[in-house]
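Colleague: What follows is the residue order along each chain.
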Amino acid sequence: MTQLPETTERKLGLVIDLDTCVGCHACVVACKGWNTENYGAPLSDQDPYGTPSGTFLNRVHSYEITPKEGTAKLVHFPKSCLHCDDAPCVTVCPTGASYKRVEDGIVLVNEDHCIGCGLCAWACPYGAREMDAAEGVMKKCTLCVDRIYNENLPEEDREPACVRTCPAGARHFGDLGDPDSDVSQLVAERGGMDLMPEQGTKPVNKYLPPRPKDVLDEVDILAPLLATPETAEHRNLSGFLGWLDRTLEKI
Amino acid sequence: MHPAPSIILFTSLSGLGFGLLFFLGLGYPQPTGWVGFVFFLIAYFLAAGGLLLSTFHLGHPERAWRAMSQWQSSWLSREGVCAVAALVVMGLYALGLVFFDSAWQPLGWIGALLSLATVGTTSMIYGQLKTVPRWNMLPLTPALFLSLSLAGGALLAGQVTWATGLLVLAALVQVAWWVLGDKALVSSGSDLASATGLGAIGDVRAFEPPHTGTNYLLSEMVHVVGRAHALKLRAIAFGLGFVLPVLFLLLPFNHLWGVLAVLAHVAGVLVSRWLFFAEAEHVVGIYYGKR
Ligand code: SF4
Ligand code: SF4
Ligand code: SF4
Chain A
61 MTQLPETTER KLGLVIDLDT CVGCHACVVA CKGWNTENYG APLSDQDPYG
111 TPSGTFLNRV HSYEITPKEG TAKLVHFPKS CLHCDDAPCV TVCPTGASYK
161 RVEDGIVLVN EDHCIGCGLC AWACPYGARE MDAAEGVMKK CTLCVDRIYN
211 ENLPEEDREP ACVRTCPAGA RHFGDLGDPD SDVSQLVAER GGMDLMPEQG
261 TKPVNKYLPP RPKDVLDEVD ILAPLLATPE TAEHRNLSGF LGWLDRTLEK
311 I
Chain B
5 MHPAPSIILF TSLSGLGFGL LFFLGLGYPQ PTGWVGFVFF LIAYFLAAGG
55 LLLSTFHLGH PERAWRAMSQ WQSSWLSREG VCAVAALVVM GLYALGLVFF
105 DSAWQPLGWI GALLSLATVG TTSMIYGQLK TVPRWNMLPL TPALFLSLSL
155 AGGALLAGQV TWATGLLVLA ALVQVAWWVL GDKALVSSGS DLASATGLGA
205 IGDVRAFEPP HTGTNYLLSE MVHVVGRAHA LKLRAIAFGL GFVLPVLFLL
255 LPFNHLWGVL AVLAHVAGVL VSRWLFFAEA EHVVGIYYGK R
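Quick note, the sequences are listed as chains A and B, same order. Numbering (this note's numbering) for the first sequence: 61 to 311. Numbering (this note's numbering) for the second sequence: 5 to 295.
One chain only, chain B, in its complex shape (with noise of 0.2 Å):
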């Protein structure tokens, strides 16, 4: 699949931010005050800013609002109506946090599932492509986006102890991710043989395609290029993203430390998120002979 920008950006972005958001909305940490303000500022900024990013890739932005209509089918629908309501609600838990000085805690507590259910319908939206065998693998695909949130919104939050938990757990489900994606298309079934139905009579190969040019479905997705380099961005990935961040917080605490362990988990979050599509193979390349 083509690595767009702005969906790179805007997952790896509201991932962390909803994660800080649901570490936020139970209490860990309670800021007050301008603390607090900064805090949500924060949480905002990553959330809904990915939120207005996702809509720049969109050819009518101006009929986003129609998005919100078919929650009982589509998870992207679904994605949405998560999203606004988590925002909704930790808006008013955060009013009562910066203003009042007070915990409205309820609203904390549905405001942070909120926030996880945003995660995980994001990680649907994906996980439910049958035609993309890597993103089809349920439930390793929501674990992954949840577990990278949760441990980035740990991180973000100052939560140390689960900050490290969370990323070693993360860190697992990627390489487990990896390890069985690569084997996803083959196990999938689909091939030449069974895209053109011609496998009994004899070996299929692509002849001649039915265009000269290129086409949205090859610019959108068959993306061959970036898969040469995969193997060396996994394992920047992982360094930046897992290691780094849990070396940090394994010294002895100090502001700057945390400071680089975000920094360096943000960075490798983006990493993944690239070869997440980069590495993607949709099963329409089988017509063209490509993957």
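Chain A extracted, bound-state conformation (with noise of 0.2 Å):
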């Protein structure tokens, strides 16, 4: 049904963390690896050593940000399907191969009844469904949704490949529905966001803002070349450690 339900009981998502993502693409990598080998049409490439085109459900984008005062910076920014709330690519489904899960709120596309018209992923602001060239259906992430809940897999496993995999630690997935979980506790204190809050989809993915540099109090820019070079006088050793000091800086 493309109709949206009301409420769902979880609403599982992830939470990027902007100040720590460094842009390694191995999110991207993960992604790409496990949603081809499992659940679904595997996501194809074409002309890959020659002009490439493929389909992915997770793509890092690279911002620069020039601030009033102070020095630009580069944010490196991921971006998968949000799992709206209020998920527009859902309702616009003429064949109800889109929906939204009432248990957790993942929004899935089932791949068996999608007819390919791509009418969805006009209706999704982010860019976050592709259609596949090789299979004609569309894919988009699917939050993991055969690993999170697959009791084949080790327990520490039994998250999304992309959170498994980053070597930052900036990704978090949890359930963005109950304001205790680790990942509300994370939007709460630092300030997570949505993501184009205008078009009124209502994301449950956020966004966590770089926070802003430390800065070291008052130090001298000049202070290493200021600083008297030691020498073996100045260390003033004894005996034969003097003596080898002393020999050792003359070479």
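Please keep in mind that the hints were generated in silico from the structure rather than gathered at the bench. Keep in mind that the hints are not guaranteed to be accurate.
Simulated crosslink set (BS3-like; lysine-lysine; CA at most 25 Å straight-line) [stated by the list, open to error]:
| # | chain 1 | residue 1 | chain 2 | residue 2 |
| --- | --- | --- | --- | --- |
| 1 | B | Lys236 | B | Lys294 |
| 2 | B | Lys294 | A | Lys128 |
| 3 | A | Lys133 | B | Lys294 |
| 4 | A | Lys128 | A | Lys310 |
Just so you have them, the derived chain A footprint on chain B, three or more residues with Cβ under 8 Å [claimed, not checked]:
| # | stretch |
| --- | --- |
| 5 | 34-44 |
| 6 | 74-81 |
| 7 | 202-211 |
| 8 | 216-223 |
| 9 | 252-258 |
Even for Gly, the Cβ is constructed at its ideal location relative to N, Cα and C.
Got two chains here, separate frames each, mind docking them using the hints?
Modeller: Structure representation (structure tokens):
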């Protein structure tokens, strides 16, 4: 059914820390790997060794931000489906292939019913849906629905592949509908935000803005040049060590 | 948005076809026998042919029937339901006119309404999309599709007075749609600051895209090439679609002028519909620093 549920029992989603993401794209590769080998149609590539294009469910942009004062900074910006509460991609779907799950709020595509019309991708403001050119069906982030409940995997692997792989700990997974969950606490603490709130999609995924840089107190930038060089005389060592020190100094 | 030929042809031709069916359903004209057959043949060729064309851009056309199921939420589904209903009802009405020389008028009225509803639902597929501010102008986008369909329908149905008036109306709506559409993206409030949420820190600039090659998003939703000549194309669309047909209709009536009016109008609508897609900016382009 492409009518949205009134509420969902849980709101599973990601919290992405723009302060710690180093832009390594490991999450992109882990996502492509898992989702090519597991649930649903594989994520195909076209002309990979020529002018490549392909299907990805997670992509990392990089933005340069120039403040009014001070130097510009680079922010790496991973983006995948935000599993919106008011998901426009679901309601536009004519076949019922797109749906939002009542039990955990995950937005999924039933690939056997999808006609590949592409309207859901048009309706998503974030570019989170990509039509697979080989299969002709719509692909999107499943929040690794085939990992998070998968009892064949060791406990620590039961989270989305991107979260499991991130070397910087910049990705967090949990229930954003529960105010006491770790992810909700993190969002509250760090001022987590919505992307394009004016689009009215009510995204579940949240982004943590970069924190202000630390400042050191009063350091003279010429300090290294002004410091008196240490010499053997200053060290003033005696005995054998003193001799060794002075001899090595002369070499 | 990428101007896909199949969708441009589909929306333009089926708009004309359903416009013609609307006038036929109302009984203006009410042709019987062979003449009736030809009229309905043209209408069905345009309306149903367009519909068929639209399935060409699907990834899985063989599952197209599923698209009728979600009419409660999806405008695309509603379009499918309305189109099939309109074609069936008008088919029965045509049966009466062509073979039994009788107008089963209630059927015609219902069919006319359904034909109009089909065009309305088509326009809402685009009008509903907040992600494409230029299309998300309500009720201007439905007004554009409906006025174009009615004007073209009247023209094909040979209703000279109606056609002239409706062409002038459609021309006004078209100009309003262009002028207001040019401001739509800016007034939507979506920009790199809102897209990244980083506007509070400073000026945001797209530094590096996530991929070196192209992808589905860029080829489907970020179409920059066609806009270079947008103004010239608007002038061509306006001249062919509205000015020429009205001039031909104002001349003393002659079938040749009629045919020329129709041809010019159809060409103008096609150019206008190409621009409808090529000029439309999807907000996902913002993430790529493009529009
Ligand atoms: S991010 Fe896009 S695809 Fe995901 S739920 Fe929201 S609108 Fe749908
Ligand atoms: S592409 Fe598939 S999932 Fe998307 S709207 Fe069309 S049928 Fe639904
Ligand atoms: S794996 Fe982590 S650090 Fe690397 S790009 Fe993804 S979110 Fe950023």
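Colleague: Give a verdict on every hint.
Modeller: Structure-based check of each hint:
1. Lys236/B to Lys294/B: holds (22 Å)
2. Lys294/B to Lys128/A: Given pair Lys294/B, Lys128/A holds - Cα atoms ~24 Å apart, limit 25 Å.
3. Lys133/A to Lys294/B: This hinted pair holds, its Cα atoms lying about 21 Å apart.
4. Lys128/A to Lys310/A: Violated. Lys128/A to Lys310/A sits at ~52 Å, over the 25 Å cutoff.
5. 34-44: n = 0 at 8 Å, threshold three: violated.
6. 74-81: holds (count 7)
7. 202-211: holds (count 9)
8. 216-223: With 7 residues closer than 8 Å to chain A, the stretch 216-223 of chain B meets the three-residue bar; holds.
9. 252-258: With 0 residues close enough to chain A, the hint is violated.
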